[in-house]
Amino acid sequence: MMAKPLIDMQTWFDLQQLYADYASAVDSGQWHLWPEFFTEDCIYKLQPRENHERGFQLATLFFTSKGMLKDRAYGISETIFHDPYYQRHVVGAPIVKKVENGRIYSEANYAVFRTKLDKESTVYNVGRYLDTIVQTPEGFKFAERLCVYDSEMIPNSIIYPI
Amino acid sequence: MQEHPIHWETEGTSRIPFAVYTNKDSHKKELDRLFYKDHWSYVGLEAEIPNAGDFKRTVIGERSVIMTRGQDGQIHVVENVCAHRGMAFCRERHGNKKELVCPYHQWSYALDGKLQGVPFRRGVRQDGKVNGGMPADFDPKDHGLKSLKVAARGGVVFASFDHAVAPLEDYMGPTILKYFDRLFNGRKLTLLGYNRQRIPGNWKLMQENIKDPYHPGLLHTWFVTFGLWRADNKSELRMDEHHRHAAMISTRGTSGQATGQASDVTQVSSFKASMQLNDPSFLDIVPEPWWQLGDQVPTAVMMTLFPSVIFQQQVNSVSTRHIQPDGHGAFDFVWTHFGFEDDTPEMTQRRLRQANLFGPAGFVSADDGEVIEFSQEAFETKPAHRTFAELGGRDVGETDHMVTETLIRGMYEYWRKVMED
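Here the protein sequences come in this chain order: E and Z.
According to the numbering used here, the first sequence is numbered sequentially starting from 1.
According to the numbering used here, the second sequence is numbered sequentially starting from 1.
Do not rely on the hints blindly, as some may be mistaken.
Said to hold, decoys possible - Covered by chain Z, according to a simulated footprint, are these stretches of chain E (three or more residues, beta-carbon under 8 Å): (1) 56 to 65; (2) 73 to 83; (3) 148 to 154.
Treat the hints as calculated values from the structure; they're not laboratory data.
All residues carry an ideal CB built from backbone N, CA and C; glycine is no exception.
Using the sequences provided together with the hints, build the complete structure.
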């Protein structure tokens with residue numbers, strides 16, 4: 001049986017759009033777009049499921065401000081040597097778990113495929129987003145985006161944002 | 001297919017044949033001689049199994065092993081191979097158990113690997129007669145799990161399939177032991193978590209990566225730009241007497257940045273003079289008392305303990321990096337980040353933030369995996385060729401600078417001694 005929706009149609013539409021826009025941005029190769037989805041004092045974490053479930057704080061990436069995301073975006077294009085690749089996010093429909101004090105707590109499954117030059121496309125990173133979303137004058141932003149991934153072995157490296 | 005033979009061009013080890021990374025027969029021999037005999041391998045931290053009955057499944061070489069803590073608090077390491085039909089029965093990676101049971105035929109073992117129970121050992125009574133059962137001379141003592149020799153020091157646990165292996169302290173040697181004890185000085189460790197990556201390259205390349213002080217200031221822009229690792233930092237390279245283990249010791253310039261124009265030191269384009277962090281908390285470095293060693297206060301000590309592990313201190317970020325070979329052309333690389341029991345919450349946060357530099361997505365470590373992959377890619381295409389590791393000469397010795405590949409040459413000097421014997 002379906003539970004009564006926690007948000008109205010317009011909010012649901014905006015939320016869907018946020019998820020879709022984010023996926024489109026991180027697959028675009030324009031890394032400067034990525035930090036703009038977040039609030040100034042955001043939290044972004046990319047964390048193995050193992051650490052998440054066992055209560056270990058270590059994350060593969062652990063950023064606590066929009067500034068850190070900008071530094072990462074700079075690192076991707078300027079400082080980290082890596083094999084170039086394309087990535088493609090497929091993100092499931094978000095589930096709104098809770099709405100409290102204007103904050104939307106939602107989750108969505110994701111799968112990211114990687115395609116390296118001259119190589120086949122492979123499953124790269126699979127997991128779910130645990131998000132806290134807030135309304136700002138510029139629309140919905142992530143106050144927190146936690147990417148908890150099932151993938152046990154990172155295929156060598158993760159450079160671009162999930 | 002015939003494996004390409006390993007041919008050394010010179011007497012020394014400055015020209016390393018590609019075939020040492022591609023030869024499958026040699027890989028098997030390495031497992032036997034470097035991982036299963038005469039050597040200690042890393043298995044984990046005591047903090048991973050704090051309570052009686054705790055266990056952690058891990059790997060030595062390519063063999064699955066289980067580290068357990070017995071009811072008496074004693075640490076054991078047993079092989080994950082049932083003594084009956086050989087099944088790798090332990091599937092969880094961690095947990096707490098009173099005994100180890102193979103589900104196939106329910107053979108059960110104590111946490112130290114001793115066989116405790118064998119179903120139908122004395123047969124099954126049916127219609128007044130006993131069917132089957134183990135032979136009369138069956139002795140459970142002969143059918144335990146393979147139990148390994150275990151040594152723990154400073155909260156770090158090592159094991160060896162070879163019960164005749166030298167004591168751990170002798171194995172490390174006094175030079176390396178000094179740096180090991182600096183990091184693991186008896187304080188209880190706390191577990192911050194894991195990162196796991198699969199690197200498609202020969203396992204030795206990771207040892208070499210951390211025996212190579214030539215690359216960090218060139219490949220890793222962050223190290224140069226923020227003075228964390230620069231060719232003009234005060235530094236030392238130390239080895240054990242066999243030249244198999246090493247420590248690269250570096251002290252960051254006193255003003256936070258190394259002295260002198262960084263661009264003059266690196267002479268390369270990877271240096272970003274204008275690079276500024278939007279958020280400097282990535283590098284919120286706070287010196288810790290334990291860094292001091294004699295009259296030195298190193299800010300980075302990278303230890304390679306041959307063959308299985310790297311111990312990392314890079315400013316406030318400390319971790320173990322476990323090398324788990326899988327065939328000649330790949331290895332799993334498992335990072336365990338830790339802290340110390342007396343860390344403040346701020347120090348824990350600092351360690352977690354600085355961890356952004358390391359691991360499979362790290363600002364300075366992601367590229368290490370990448371270069372290893374692309375090296376292996378080339379090795380496979382022309383195994384008759386060799387690498388060239390002659391920075392700082394062709395010989396092997398400790399130095400007070402890092403403009404040398406001497407540690408790599410040292411490791412292969414040892415490798416040749418063991419493998420060509």
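So, going through the hints one by one against the coordinates:
1. 56 to 65: holds (count 10)
2. 73 to 83: The restraint on the stretch 73 to 83 of chain E holds, since 8 of its residues have a Cβ under 8 Å from chain Z and three suffice.
3. 148 to 154: It holds: at least three residues are needed, and the stretch 148 to 154 of chain E offers 3 whose Cβ sits within less than 8 Å of chain Z.
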